[in-house]
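Peer 1: Sequence:
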Amino acid sequence: MSRLIAVWGPTGAPGRTTVAINLAAELAEQGQRVLLIDADSYGGAIAPMLGLVDEAAGFAAVCRLAESDQLTIAEIERLSHQMNTGVHNMSLLSGIVRPDRWPELSAERVRKVIGVVRENFDAIVVDVGFNLETDEEITSDLFAPRRNASTLTVLKHADCIVEVASADALGIARFIRAHDVLVEEFPESLRVIVLNKVRSGLDARGSAQAASTLSRFAGLHEVHELVADDKAMTSSYAAGRPLSSSAKNSKLRKQFQKLAGLFSQETGVTAVKQGRFHRKRLSA
Numbered sequence: 001m002s003r004l005i006a007v008w009g010p011t012g013a014p015g016r017t018t019v020a021i022n023l024a025a026e027l028a029e030q031g032q033r034v035l036l037i038d039a040d041s042y043g044g045a046i047a048p049m050l051g052l053v054d055e056a057a058g059f060a061a062v063c064r065l066a067e068s069d070q071l072t073i074a075e076i077e078r079l080s081h082q083m084n085t086g087v088h089n090m091s092l093l094s095g096i097v098r099p100d101r102w103p104e105l106s107a108e109r110v111r112k113v114i115g116v117v118r119e120n121f122d123a124i125v126v127d128v129g130f131n132l133e134t135d136e137e138i139t140s141d142l143f144a145p146r147r148n149a150s151t152l153t154v155l156k157h158a159d160c161i162v163e164v165a166s167a168d169a170l171g172i173a174r175f176i177r178a179h180d181v182l183v184e185e186f187p188e189s190l191r192v193i194v195l196n197k198v199r200s201g202l203d204a205r206g207s208a209q210a211a212s213t214l215s216r217f218a219g220l221h222e223v224h225e226l227v228a229d230d231k232a233m234t235s236s237y238a239a240g241r242p243l244s245s246s247a248k249n250s251k252l253r254k255q256f257q258k259l260a261g262l263f264s265q266e267t268g269v270t271a272v273k274q275g276r277f278h279r280k281r282l283s284a
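So for the sequence shown, UniProt numbering puts the first residue at 1; every next one is plus one.
In case anyone wonders, no lab produced these hints; they're calculated from the structure. What you are looking at is a predicted structure, and each value in this text was computed from that prediction instead of being measured. All C-beta atoms in this analysis are idealised placements derived from N, C-alpha and C, irrespective of residue type, glycine included. Do not take every clue at face value.
[What the hints assert, rightly or not] Quick list of in silico lysine to any residue cross-link-like pairs, SDA-like style, CA-CA up to 20 Å:
id	residue 1	residue 2
1	K112	A247
2	K258	R216
3	K248	L220
4	K251	G86
5	K254	A228
6	K112	K231
7	K258	G31
8	K251	G240
9	K254	Q32
10	K258	Q32
11	K258	I193
12	K248	G51
13	K112	Q70
14	K231	Q257
15	K156	F217
16	K112	V87
17	K248	H221
18	K248	S2
19	K248	M49
20	K248	S264
21	K258	H221
22	K156	S212
23	K231	A247
24	K258	Q70
25	K112	I193
26	K248	G31
27	K248	T234
28	K251	S235
29	K254	I193
30	K251	H221
[What the hints assert, rightly or not] Here are the simulated distance ranges between beta carbons:
id	residue 1	residue 2	range
31	H221	A13	33 to 39 Å
32	D230	E185	31 to 37 Å
33	Q70	M1	22 to 28 Å
34	S235	L190	43 to 49 Å
35	V87	G219	23 to 29 Å
36	G240	R98	18 to 24 Å
37	R216	G43	31 to 37 Å
38	A169	D230	45 to 51 Å
39	G240	R64	37 to 43 Å
40	M1	S212	35 to 41 Å
Can you build the whole structure from these sequences, using the hints too?
Peer 2: Pasting the structure below:
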C-alpha cells in the first residue's frame with residue numbers, strides 16, 4: 001500500500017526541504033518506488049537545492065493535466081526528474097519557480113494528483129508550505145483560489161505528517177505555536193516529530209533544553225533528532241545530490257536512514273499507528 005508522507009514545518013527555515021529530500025532518498029535506497037513532490041505554494045526550493053534549473057514546474061504541470069483528467073503515469077514520468085540516490089533512483093516533481101503561480105495549485109487539482117500517484121508509487125514524500133491559514137481570501141467567494149490550498153490538501157490526505165522544528169530558541173517557539181494550529185486543523189493525523197540542526201559538544205545543553213521544552217509545552221515526548229552536520233550538507237549542496245549519494249558515511253545520513261526505517265515497506269503506516277515507530281533519539 002502506498003504511503004503519502006507530508007513534511008511540514010513553521011516559518012523560519014527549520015529544514016523541511018532538507019528533510020523531505022533525504023527522507024525520500026533513503027526510502028528509495030530501500031528499494032521502494034518513490035516520488036518526491038514540491039508543493040510549496042510560496043516557491044519551490046527542492047530543485048535549486050538539487051542543482052536543477054527548472055522553469056517548467058513539474059508539479060504545476062501535472063496539476064493542470066489532472067484538472068482535465070488527462071494525467072497518467074506516462075505524463076508523470078515525462079514531467080518528473082529522475083534523481084540518483086546512490087544505488088537507486090527517485091522521481092521528482094519540482095515546485096513553482098515564481099510565487100505568483102500559486103493559483104495553479106488548487107485544492108481539487110492537488111487532490112486528483114494524489115489519487116493518481118498513490119496508484120503508481122510505493123511512497124510519496126511531499127514538501128509543503130509553512131502557512132496553515134484558511135481565511136486569507138474573502139470567505140463569501142467559494143470559488144476563489146486559496147493560497148494555502150495545496151498545503152492543506154496534502155496535509156488532509158497524508159498518512160503521516162513529519163513535523164520539523166529547528167533546535168534553537170526561536171525555532172522551538174515558532175514550532176510550538178504552529179504545531180497547536182496543525183493539531184486543531186488535523187487532530188487525527190499521525191505525526192513524527194523531528195528536531196533538526198541539533199548541535200553537539202558545547203551546544204548539547206541547548207539540545208536537551210529544546211527537547212525538554214517540546215515535552216513540557218507541547219506534550220511531545222518522542223522527538224527524533226538530526227545533528228547539524230555542516231560538512232555533510234556542504235557536500236550535498238555542492239554535488240546537488242542527497243546525502244545518500246554525496247555523504248553516505250556521515251552521521252547525519254545514518255540518522256536519515258533510521259528515520260526512513262519508520263516508513264519501510266515492512267513496517268509502513270501500520271507501525272506508526274501502533275506506536276512502534278517511537279525511538280527517543282536517532283543516534284548514529
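Peer 1: For this structure, which hints from the list above don't hold up?
Peer 2: 1, 2, 3, 6, 15, 16, 17, 18, 22, 24, 25, 30, 31, 34, 35, 38 and 39
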